[in-house]
Structures are given as C-alpha cells and as structure tokens.
Amino acid sequence: MALVHHARAIEILLVEDNKGDVYLTKKAFEDAKILNNLHVAMDGEEALAFLNKQNGFHDAITPDLILLDINLPKMSGREVLDKIKNDERLRRIPVIILSSSDSEKDIIDMYDLHANSYITKPVDVEKFNEIVNAIEDFWMSIVILPTDTPKG
Amino acid sequence: MVQALVARQALSDEELKKAIDGCDQEPIHIPGSIQPHGFLFALSDDFEILKVSANITDLIEGNTRDLIGQNLSTWITKDKIGELRDIVSEGSLNPIRYTTLELTTKKQETHQFDAVMHRSGEVLILELEKHNPDAKIVHQQDFYQEVMNFSVQLQKVESQTNLYEYLVEEVRKITGFSRVKLYRFDENWNGQIIAESKELHMSSYLGLHFPASDIPKQARQLYSKNYLRLIPDVSFAPVSMMPDDLDSHKKPIDLSFSTLRSVSPVHMEYLKNIGVEASMSISLMQNNKLWGLVACHHHTPYHIPYPVRMATELMAHTFSAFLSNFMTADEESEKSQKESYMRELAVALRPNKSLVETLKKKHTLILQAVNADGVIIHLEGKYFAFGLIPEMSFCHRLIKWLEDNHNEQVFASESISRDTNLAVQGQAMASGVLAIPVSTEMTDYVIWFRQEQTEEVNWAGKPEKNITESETGYHLTPRASFKRWQENIRGYSKRWSDNDIQAANNISKLLLNKKYEDTLKQKGQDLQSILNNSNAFIYIIDTDGKIMTINDAALEAFDLEDRAVAGQHYKDIFHGELAQMMENNHAKVLGQQKSMTFEKDFIFNGKEFHLITVKFPLYDTSGDIYALCSMSTDISKLRATEGELKRSNKELERMAFIASHDLQEPIRMIANFTQLLEKEYAGQLEGRGREYIEFTQNAASRMRDLIHDLLQYSRLNIEDTDIPIIDTQEELNVIIQQAQDMEENQNAEIVVMNDMPKIQMKPEHFNSIMQNLISNALKYRAPERKPKVEVSYSQSDINHEFSVKDNGIGIKKEYFEKIFIIFQRLHKNDEYEGTGVGLALCQRIIDQYNGKAVVQSEVGKGSAFTILIPKNLKQD
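Going down the list, the protein sequences come from chains A and B.
Quick note on numbering: the working numbering labels position 73 of the first sequence as 73, and the sequence is numbered without any gaps.
Quick note on numbering: the working numbering labels position 191 of the second sequence as 1191, and the sequence is numbered without any gaps.
These aren't lab readings, by the way, just hints derived from the structure by calculation.
Misleading hints may appear alongside valid ones.
As a list, the in silico DSS-like pairs of lysine-lysine whose alpha-carbon atoms are at most 30 Å apart [claimed, not checked]:
(1) B:K1679 x A:K27
(2) B:K1818 x B:K1852
(3) B:K1650 x B:K1509
(4) B:K1360 x B:K1509
(5) A:K27 x A:K85
(6) B:K1173 x B:K1198
(7) B:K1679 x A:K33
(8) A:K105 x A:K33
(9) B:K1080 x B:K1130
(10) B:K1272 x B:K1289
(11) A:K26 x A:K53
(12) A:K19 x B:K1679
(13) A:K105 x B:K1646
(14) A:K74 x B:K1650
(15) B:K1637 x B:K1571
(16) B:K1637 x B:K1679
(17) B:K1871 x A:K105
(18) A:K127 x B:K1779
(19) A:K85 x A:K127
(20) B:K1650 x A:K105
(21) B:K1788 x B:K1758
(22) B:K1173 x B:K1600
(23) B:K1762 x A:K105
(24) B:K1546 x B:K1509
(25) B:K1679 x A:K127
(26) A:K26 x B:K1679
(27) A:K105 x B:K1758
(28) B:K1600 x A:K105
(29) A:K105 x A:K26
With the rest of the complex left out, here is chain A:
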C-alpha cells in the first residue's frame, strides 16, 4: 500500500443544520493555516446524497474529512455515521463528531460506531479556532492514508 502525501486543499464535509454553527465553523476554517474547502450539508440525507453523489450532487467531491453533528433533522448524525462506517467506499473517511453533549455515554456510543474523534461544540468563540487547530493537528497526523481515498 503506497503512501501519498497531499499538498492540495483538504476537502471537508460539514454536516450541520445550525446556520450559526455553520457560520462559526466556516469562519474558523477561513482563518486556518491549512488550505481547505468546506462543503456543507444541512441534514443527514443531504450528507449521504453528497457522499453518494446523488440527487444533484453528481459532481460532488468525496471529502477527506467529515465533521458530523449528532442532532440533525430527518436522519440523525448517529445514523449517518453508521451508514458511512458500513459503506465500503466511505468507511475510511475520518469522521469527527461535533456535539453539544459532553456526556460520556454519547462519546462512547460514537466511538463504538467508529467515529474517529469527538469534539464538544464550544460555547466560547475563541474555542472554535482551537478546534480548527485541533482538526489541523488531527489531519496532519492522519495524512498518511490509503491511496485509494480522496480523488479530485
């Protein structure tokens, strides 16, 4: 298995229904050191359509990283995560859970569903930047990825 180093922008899919959070997340990533393209899906179904390149997302890019909110309308983040991790083509995409819950149970549940990381949504705006930093660190540590993952 060959290891490929990427110098291109990271393709990130943010699955988030809260426009405020979308705004704050976007804002934080705009200031990020790392080059990134942030795609937003407003609910679980949309997220899966994006990932499966369906329903108007035929041209969508397979993301390098998914930021997944748990509380989503229609299809919960949990289900989305479950579907991703049970899909041969998608399951290697790192999924970072964004949640307003800091409950240990929720965290364990998500890891049980093979979430790659779990981040509690900050109340402090400054913390958004920290999170982005953390995601950058996370990304840097997992850039050695299987070769067949994201393609432009």
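Go by the hints and put chain B onto chain A.
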C-alpha cells in the same frame, strides 16, 4: 311447711336447744331395765345365763344371782335347746327370730311363751312373753290370711289418702287398739296426723301437728332400727337387769332391738297426759329414712301377742312399699310434666329465635315448670319480669344481696324474711325465692317467686308450755294436753321441692346456653359480614389442609362456583405450582407459629394474580394451633400503577434530558454570537451597548451551567449496567487534586482522615457526590478563616459511611431538608455561585443505591455531610 316454732314463744333458741339436746341425749337404748310383761335373758352362745331380768323370780324360785352362770337347758327341753342352737348357728338373728317355747320350773310347772331371740354385740338376747291363748290371732294361717288380704286390697287403693286410711283401718282391725294414727314427719321432723282410725266417741287428732321434740333424735334412730315398739301398760314399773351394769362393771347391754326394752319416763308421762294406757308404734320407712309412724293407742292397758305384732309390722312394710310406688308415680308424673315444659321451652329457644321474644311468649312455661307465681330474669343489665313479682326496688336489692352473700349455684328459700336481712314489702308476693345465676360471673340471675301461703297449723297442745326449768337446766316435759292450739304462720311460701330446683336449674342452663349461642351466633354473623365484605381473598384451612371457611371475594376471584369447596382439601382446588407454593408457605407459618407475609405472582385458570398474602395461625381455646388463616390482597392494580409511575418518571427524565440537551444549542449560539458581536463590533458600540453585551454573556453563561447540571441530573441511571468495584482512595485523590488546582482553593486544606475502602459503585456517581460535597465545603467557606475539609470513612454492618466535614458557614437546621431539593438555593448567586442542583444530584444518586444522606451542621462552625451507601446493593 311447719317450723318448730316452740323456740320463739318461751325460750331463747339456745335454751330450747339445750333442753332438746338433754332429751336427745337420754340413753334410751341402754336403759338397764325392761317392761314387766316378759322376761329377758342375756346368754352366751352356749346358753349360759349372763344376765337376767329381775322378774325371773316370778317364774323361777331362788335368788337371781344364783341363776347367773346356769344354763338355759336346766328349764327347757333338749329338743327346744337343739332348735335354739340351730337358730343361733344359722346366724340369722337379725331381724329377730320368733319361736314358741315351754319352760318347766323346778316345781314341774310348765309355762308357754312366745320367744324372740336376737344378738346384741357378743351376747344373745332371749325375750319371753307369756303366750296368750285369748289373743285374736293364734294360728299362723290366720295372720297369713290377714296380711294376704291387706296386700290384695292395698293394690286396689287409688289415692295416697285412701292408702293412709286403709292402713290405719286395717291395723286397728287386726290389733284392736282403740285409736290408730298415721303420723308423718316433715323435713324438720315435726309430725302431723294424716290419717286416723278410732273409736267413735274419741275426739279426733286428725290434722294435728306435733313438734319434733316429741320424738327426739335417738328415739327416731331406734325407730329406724327396730320397727315395732309395744308398751302394753304405760304405768308399768321397770324391771332391772341382774346383775345390774354397775355391779358387773361390764358394758351395759344395748337393748335397741329388744321388744321388752324399758321406756323413757318422759315418754310415759307424755302418753299418760293424753290418756293413753297402752301404745304401739310401727315405723314406716321410705328410702331408708323414717317417713312416719303408725301410732296405736289404747285407753286401757293392752297387750297384743308377738305374732299379731309381726303381722302388723308386715302390713306396715307392705304399705311402705306401696306408698313408695305411689310417691314415685306422683313424682314421675310431676317430673314428666316438668320435662315436657322444658322441652317446649328448649324448642322455643332455638338458635334462630330471639331470646326476648321467646321469654315474652313462653314465660308461663318458666313459671309452670318451677311452680312459681312470678319470675324475674336479669340478663346483661336488662330485667324481664313475668307473673306476680315484688317491687323492682326489692328485686335490685335481692340481686345485690345474692351477689354479696351467696356463692352457691342455687339459692332457695321459702321465707326470704327468715333467710335474709332484706326487708320485704308486700311480703305476700315474695315469701319464697328461688334464684339461680345464668352466668358464671354470678351477675345474671333468674329469680322465681312464690307467694306467701298463709297456713293455719293446729298443734297438739300449745308447744311453749313443754319446757320446765330444774336445777340441772331445762327439761322437756310432755304437754299436759293435746288440746288443739292454732297458729298462723306468715312469711312462708310452699317449699321449693327438689324437682322445682332441678327444673329451675335446667331453665337457667337453657337460658345460659341460649345466651352463649346468641353471642356466638352474633360474633359468627359479624365475622361472616367482615369476610364477605372484604376485598381480600380470605380462607381458613385446618391443620390437615381442609378448607373450613372461604369468603365471597376468594370464591369470585378463583371462579369457584359455590361454598361446596368448604370441607375440601385446598389441593383439590388449587393445583401444580400454586398448590406447592401454598403448601410451602403453610408449612412455614405452622412451623414458625407466627404471622407471615408473602408476595406471589401466579396464573390460575388462565387469570393472572399478583397477591400480597398474610398467613397466620389460629389458636383454639387451649392455645393449640388448629387452623391457618390466609388473607390475600390483589396488588395487580398497584403493580400496574407502579409500572405506570416508573414509565412516566422515565419519560419525565427523558424530557428533562432532551429539553436540557436541546437547550444547549441555542444557548451556545447566544454565547458565541454575543462574543463575536463584542469582538468585532465592540468599538462601534456606546457604553450602554457594551454593558448589554456583558449582561447577555453573563446570563448565557449561567444558563449554560444550569443546563449542564440539569442534564447531569436527568441522565442519572444505574439500572442498565453492572456496577463495578472502585477504589475510592484513587477516585478521591483525583477529585481532591482537581479541587486544589482551582485558583480560589489555593489556601484551602483538604485532608483524608483515614484509609478509603474499595466499594461497589459507579465511579461517576462516587465522583459526582464527592465533587459536589467537597466543592460545597470549599464554596461555603467562612470568610474569616482558612477553609479546611476533612474526608473520613467508617462502616457499619450494612453501610459504607463517607463523611465530608468543613469549617464553613454552616446551615440552619430548618434548611436541612430543603438543601436537597433541586434548584433550591439558600444564597444569592452573587454571594455564592451555584445552580442548586449539586445536592439534589447527590441525593438522587444515593437514592438509587438505597442509601442515605445525613446532615449535621452548626451555623458559624461548619457542616458535616455523611453519605451512607449499603454494602449489599439491591438492584430493582
């Protein structure tokens, strides 16, 4: 009823008694002398003369002293001696044996005698009376015929009175006495003439009463032994026995059975006073007791020979036997009458009849059975009165008197004024009283009353003149006249007979039984009502498992058709697992002999049961277990409600969780964008605008804390997962470290006082509690001193006990309970920050472990929170 009223007239009771005793004590059975109309020999078994009556010299020449020691055979033929020997050797000398005998004097004079012989102690008594060829009945055949006729005629007599009259007539006919009387004793040994046969010119004694002292006790005793007594001439000069008893220094000879025995001088005077010259009396016995006498009198000296006396005596015995029949028949008829009353009453008092109603309807039976005129029934404080009764006030006093003075079952008095100190008004109503208690406590009574029976008693002579005083005291001297003396007796009723008392006893028993039956029945009915109105399923089984009682609720619940299940074994009705469970539980209850509670779920006939059952032993009156009672309550509804409650609680928890969870997002937005606003536009805002932003941020921050704690509180649940063993020391170390790391706690001292245990508890729960307690201890510090927190551990048999003690501001006692209520705070937020969830959270955790939180605190000194966690966790 006649009393010996002698006493009240002239002498005190004591004086009279002395006089009577004096007479009673006269030793009339050993008078040491005989009447002169015959000869008496006291002989040895060899017919050697030991004593002889002094008049023997009339017959045999010489000195009586010379005769002592001689043998009877000197004067009697060998054949006759042989016959006498045979009589003696047969040994049957009691009763007296009669024969005839020829005695030849030395002068070769031959005399014929009626001879009787009996044994008195060691000696043989031979009595001779000169044979009288002029006597009416000479031949045995004649007197056999007489007695035969008498007996046959007796059977034709139809009434007692006729029986009496027939007897006296026949006795007079066979004996030739001028007057023959039938003298009957009453219960006090007074006598009354109840039949009389006399020569026409004589005045009648019929109906006359004679005081008991006329025939004193020892005379009555002799009458009971020796049934016939003849005094041919009351003016006789007694003949002594030779040698006399003083000479011989021997015991005097008992002449009880002697026909010749001498007579008490008093008796002789008595007879003379009434103009009697000769007398004969024959005892009439009933049930071995002297019942009366046939008293025969003659106006001149009069002797009747022994065979006639024997015939008369036989007639008397025959009469007694017939009388006995009559009396038995009368008694039987009275008894059977009483019994029929009693049966009718018993039927009337059947269990389903009211006692009061029955008494009202059937009171005549209660009166008739006892031959009473009135009755009062005192039952449980109520009085029922029927017939002729005295005033109620008297009845109350009577009952009081009975309770105080009378300890026996029956109180029977024919004269209440004589036997009690109760003043009786309207004495006529209540001369006779018969009282029988109807309760073992002797508080309830049935009291029968008999009216006064005014009686005119005709005494034979005025009794009070009979007693004279001499140097040695009072002596009874016989009355000079039998002139009719009439006395009115007041305050007496007819005497209560044994049959009356028996009937009264039976009635009392019937009423007592009825009372008990009614009480029992009432209790039984009450119990049945309780059983059948109870929602509980109740049954009683005996120790063998047979169903004795089962209530309606149980029958319905188990779809049992009817009460036929009573009497069946419970295993014939309940089967399988259920029966097995019942058996086990019964065994436990009977084994441990105490009430026990069981909870059981089972299915019977397709119906589901959730029961709480109390089973307990039932004891009989002697304290032994005889049955077991089972009472079950259906807790299905309770269970359902419980389940419902659990569900709704869960729902609430979920709601609280979801609400608090979903609230996080908007509050986060508020916080974030307010911050952004401040960060990017603060420069463009006026002073007020910045202030508003600050308020918004503070509010958002506080709301975030509240939501956080609420979320934690609502998320608590130990149900699902296993509870691990944790090392509380390790957990505490982390908690304390975290607390000390906080800036505001830099100067605080947190000490673990002793070793912390390993316990079974979820770590987050233990940590939550300890964090809360320690942070509270530090938070509510007293400003003037350095905060110090002591954490300690102890244990009891059942609990782990963790204690967190501080030197803070303390808590007022009235708030000890409030502090555990969610959102309840004692301080404003700017004094001490907090959400009011911490202790509520602790309490909730502790509740889940079935533990306990205890607060001790003193305002100004500090508080100590002790948490008790059971060592053995019971999980629902």
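Self-check item: Restraint check for B:K1650 with A:K105, where alpha carbons must lie at most 30 Å apart
Solution: Since the Cα atoms of B:K1650 and A:K105 sit roughly 17 Å apart, the hinted pair holds (cutoff 30 Å).
Quiz item: When you check the alpha-carbon spacing of B:K1679 and A:K33, does it fall within 30 Å?
Solution: It holds: about 21 Å lies between the C-alpha atoms, which stays within 30 Å.
Quiz item: Regarding the pair B:K1650 and B:K1509, is the alpha-carbon distance no greater than 30 Å?
Solution: Not OK: B:K1650 and B:K1509 at ~71 Å, beyond 30 Å, violated.
Self-check item: Straight-line alpha-carbon gap A:K27 to A:K85, limit 30 Å
Solution: holds, 29 Å
Quiz item: Under the criterion that the straight-line Cα-Cα distance not exceed 30 Å, is the pair B:K1173, B:K1600 satisfied?
Solution: violated, 101 Å
Exercise. Quickly compare the C-alpha distance for B:K1546 and B:K1509 to 30 Å and report which way the hint goes.
Key: violated, 34 Å
Exercise. Take the C-alpha atoms of A:K105 and A:K26, compute the straight-line distance between them, and say whether it is at most 30 Å.
Key: Status holds; Cα separation ~29 Å.
Exercise. Verify the proposed pairing of B:K1360 with B:K1509, using a straight-line Cα cut of 30 Å.
Key: Given pair B:K1360, B:K1509 holds - Cα atoms ~18 Å apart, limit 30 Å.
Quiz item: Between B:K1637 and B:K1571, is the straight-line Cα distance small enough, at 30 Å or below?
Solution: holds, 28 Å
Quiz item: Regarding the pair A:K105 and A:K33, is the alpha-carbon distance no greater than 30 Å?
Solution: Violated, because 33 Å separates the two Cα atoms, which is more than 30 Å.
Exercise. Verify the proposed pairing of B:K1818 with B:K1852, using a straight-line Cα cut of 30 Å.
Key: holds, 15 Å
Quiz item: Given the proposed pairing of A:K105 with B:K1758, does the C-alpha separation stay at or below 30 Å?
Solution: It holds: about 24 Å lies between the C-alpha atoms, which stays within 30 Å.
Violated hints, in rising order: 3, 8, 16, 22, 24 and 28; the structure is consistent with all others.
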